[in-house]
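Respectively, the protein sequence lines represent chains A and B.
According to this note's numbering, the first sequence is numbered sequentially starting from 84.
According to this note's numbering, the second sequence is numbered sequentially starting from 154.
A couple of the hints might just be wrong.
Incomplete in silico selection of chain A near chain B, CB under 10 Å [as the list claims (entries may be wrong)]:
1) R144
2) K148
3) P230
4) I253
5) A255
6) R257
7) D259
8) S262
9) K276
Cut-off 25 Å, straight-line C-alpha distance, at most; resulting in silico cross-link-like pairs (SDA-like, lysine to any residue) [unchecked claim]:
10) A/K182 to B/E211
11) B/K262 to A/W193
12) A/K276 to B/P246
13) A/K184 to B/K231
14) B/K170 to A/W193
15) B/K231 to A/F316
16) B/K212 to B/E178
17) B/K212 to A/A179
18) A/K269 to B/Y267
19) A/K269 to B/G172
Worth flagging that the hints you see were computed from the coordinates, not collected in a lab.
Note that CB positions come from ideal geometry on N, CA and C, so glycine has one too.
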Amino acid sequence: MKTKTKWLLFIVAVVILLIWTLITVIPLYWMFIGSFQDTKLSATFRPKMIPELWSIAPYERFFEKTAAIRWLLNSLFVSSVLTVTNVFFASLAGYAFAKLKFPGNKTVFWVLLGTMMIPAQVTLIPLYILVINVFNLGDTYTAIILPGVVSVGNIFLMKQYMSSLPTSLIHAARIDACSEFGIFWKIILPMAKPGLAVLAIFTFVTSWNDFFWPFLVTSSTEMRTIQVGLASFVFAEATDFGALMAGATVAALPMMVLFFSLQRYFLQGITIGAVKG
Amino acid sequence: MARVEFRNVRKQFDDEKKGIFTAVEGSNFVINDREFVVFVGPSGCGKTTSLRMIAGLEKQTSGDIIIGDRIVNDLHPKDRDIAMVFQDYALYPHMTIRENLSFGLRNLKKPKTYIEEKVREAAAVLGLEEMLDRKPRELSGGQRQRVAVGRAIVRDPQVFLFDEPLSNLDAKLRVQMRVELADLHKRLGATIVYVTHDQVEAMTLGERIVVMNQGVIQQIASPAELYANPQNMFVAGFIGSPPMNFIDARVLGNSVFVEGTEFALQDTIADGLRAYQGREVILGIRPEHIFGEDVVSSVSGNYRLTKQIKAVEHLGSENLIYFPIGNRTVTAKVHPETVAYPGLSKTFVLDFSKVHFFDPETQQRIEY
Numbered sequence: 084m085k086t087k088t089k090w091l092l093f094i095v096a097v098v099i100l101l102i103w104t105l106i107t108v109i110p111l112y113w114m115f116i117g118s119f120q121d122t123k124l125s126a127t128f129r130p131k132m133i134p135e136l137w138s139i140a141p142y143e144r145f146f147e148k149t150a151a152i153r154w155l156l157n158s159l160f161v162s163s164v165l166t167v168t169n170v171f172f173a174s175l176a177g178y179a180f181a182k183l184k185f186p187g188n189k190t191v192f193w194v195l196l197g198t199m200m201i202p203a204q205v206t207l208i209p210l211y212i213l214v215i216n217v218f219n220l221g222d223t224y225t226a227i228i229l230p231g232v233v234s235v236g237n238i239f240l241m242k243q244y245m246s247s248l249p250t251s252l253i254h255a256a257r258i259d260a261c262s263e264f265g266i267f268w269k270i271i272l273p274m275a276k277p278g279l280a281v282l283a284i285f286t287f288v289t290s291w292n293d294f295f296w297p298f299l300v301t302s303s304t305e306m307r308t309i310q311v312g313l314a315s316f317v318f319a320e321a322t323d324f325g326a327l328m329a330g331a332t333v334a335a336l337p338m339m340v341l342f343f344s345l346q347r348y349f350l351q352g353i354t355i356g357a358v359k360g
Numbered sequence: 154m155a156r157v158e159f160r161n162v163r164k165q166f167d168d169e170k171k172g173i174f175t176a177v178e179g180s181n182f183v184i185n186d187r188e189f190v191v192f193v194g195p196s197g198c199g200k201t202t203s204l205r206m207i208a209g210l211e212k213q214t215s216g217d218i219i220i221g222d223r224i225v226n227d228l229h230p231k232d233r234d235i236a237m238v239f240q241d242y243a244l245y246p247h248m249t250i251r252e253n254l255s256f257g258l259r260n261l262k263k264p265k266t267y268i269e270e271k272v273r274e275a276a277a278v279l280g281l282e283e284m285l286d287r288k289p290r291e292l293s294g295g296q297r298q299r300v301a302v303g304r305a306i307v308r309d310p311q312v313f314l315f316d317e318p319l320s321n322l323d324a325k326l327r328v329q330m331r332v333e334l335a336d337l338h339k340r341l342g343a344t345i346v347y348v349t350h351d352q353v354e355a356m357t358l359g360e361r362i363v364v365m366n367q368g369v370i371q372q373i374a375s376p377a378e379l380y381a382n383p384q385n386m387f388v389a390g391f392i393g394s395p396p397m398n399f400i401d402a403r404v405l406g407n408s409v410f411v412e413g414t415e416f417a418l419q420d421t422i423a424d425g426l427r428a429y430q431g432r433e434v435i436l437g438i439r440p441e442h443i444f445g446e447d448v449v450s451s452v453s454g455n456y457r458l459t460k461q462i463k464a465v466e467h468l469g470s471e472n473l474i475y476f477p478i479g480n481r482t483v484t485a486k487v488h489p490e491t492v493a494y495p496g497l498s499k500t501f502v503l504d505f506s507k508v509h510f511f512d513p514e515t516q517q518r519i520e521y
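Using the sequences and the hints given, assemble the complete structure.
The structure is reproduced here in structure tokens:
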């Protein structure tokens, strides 16, 4: 009886997971096979799940008709810069909040956390006015990057992570004549690698996929990121669905490669601290 | 090497949960050059805070700390010429043992050949030569402990600070490391301040022991002195295992009465207790100073008490017998051949030359 219930539960779990996986995977699959189809075929309401035609023509059209290479490079540049700045500043701030004693430590941290309660839409317009009208940064990399140099969410993540590192190591390093920045650079950062990897992956993926802000602050074709570029592609005369799917595949591929190659770190990052070393 | 001195050192913490509380209260002591001093006490007694104030990891609220000839109140840990061994070893996990050992010297920008020489020396002293290129996680607990000690040795500090260094080791290894540490102290001829909550460690390692409780130093003395002449009930109860028994007694004339049984006192003791005439006192006697009547003959005087045994523990080399006096349970540590089993009504002999009397209010030992 017991084993029967167990089996039943197992089967139910597998079925639910299968359905969930299908729901998640089918749009990606559709995008992928659509990118090799004739435009009409890839836009049909009920697409064929097993394609008859494999053509790289949509890819050719995508790269020919648009500034796709430039968009990809823009995205790569913006995401890389944001990843580096977020990893650096969030880990510095997280370390300070977690391990250093200074007046107002708690207060500043709670104020920062409080800003996470404010929806992004609320600050969007003031931010826009600040960046475009006050600083006059419209249509520049600075405009895309500056507001995201470090996010509170990342500081919070790093603070939680740094709190789990043993304080005695910091004390040992201090007695070992290590400078305060040296402690951060030589002791804390190497130990925080799994946490930093998670932060880097999340930041890179988020900035790569970000649409709205780059869309707001860029106007020229050559300043667009890949996501903004893809969207503008939709609005062009008649949408070339084949080429659009090809573009979407090109945009999604680096993220998948990144995620799967760093998956080890990712898993390590979310389970660390739960297991006693 | 150097001496360490505390002058009226006080430390207050502003804790979220406890509010403002005093961890160390008006602490005064001198640790002599090359002395091995142990801070001992229950958790929260201020021993680790005191150690961390010597290290400079915590700043005292008031008072002066002197290392060598310098007041070090405002000096950074690195400038105090101390080295510390932590409870959890605090080895840098991403560095090899060699890098761990040399980290401090590299930060001090010492010449490369000097660093290599120092690391080699320390590794030889501690038997770590084979492990220099391994990472801490590849080492056993005992080996990590040695690396932590090695990291202190390479610095040639004036003062070594040990913060409960053996508490993460298993019992057998702890005994072994204890012997090694004592040996190390002899070889290095260093000033060592050692913190532990384990009174056995304190008694075996310390040349002098500082007993602390609730931020206040209770007594500073050699192990033998602490054992023989504890200044108050806390020290008496903390030092010695099993702890000293405390029995309610009443002074009347030249005797004390325990549950109606009269024990005649020697004149000197009776004189000392004169001020307590007709009042309650606490009689303190160590378990090893209570004997079974059938085994002992050397204790003179009529200090006998017949009681029903509550429980017996056989430890091989000795037996522990538990029996009630008033509402307290008294422990006797007796020869293993003493006849004892629960329920047996047995006569015990108390060695009154070793008893102490304490004031029930101040808990201080009554001097005589």
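We went through each hint and held it up to the structure:
1. R144: violated (50 Å)
2. K148: violated (50 Å)
3. P230: With a closest approach of 34 Å, the A/P230 hint is violated.
4. I253: Where the cut-off is 10 Å and the nearest Cβ of chain B is about 9 Å from A/I253, the hint holds.
5. A255: holds (4 Å)
6. R257: holds (5 Å)
7. D259: holds (4 Å)
8. S262: Constraint on A/S262 satisfied, holds at 8 Å.
9. K276: It holds, given that the least Cβ distance between A/K276 and chain B is near 8 Å, below 10 Å.
10. A/K182 to B/E211: Judged against 25 Å, a Cα distance of about 14 Å means the pair holds.
11. B/K262 to A/W193: violated (40 Å)
12. A/K276 to B/P246: holds (12 Å)
13. A/K184 to B/K231: holds (18 Å)
14. B/K170 to A/W193: The hint holds at about 18 Å.
15. B/K231 to A/F316: Violated, at about 62 Å.
16. B/K212 to B/E178: holds (14 Å)
17. B/K212 to A/A179: Satisfied, since the Cα-Cα distance of roughly 19 Å is no more than 25 Å.
18. A/K269 to B/Y267: At roughly 22 Å apart (the allowed maximum being 25 Å), B/Y267 and A/K269 satisfy the hint.
19. A/K269 to B/G172: At roughly 35 Å apart (the allowed maximum being 25 Å), B/G172 and A/K269 break the hint.
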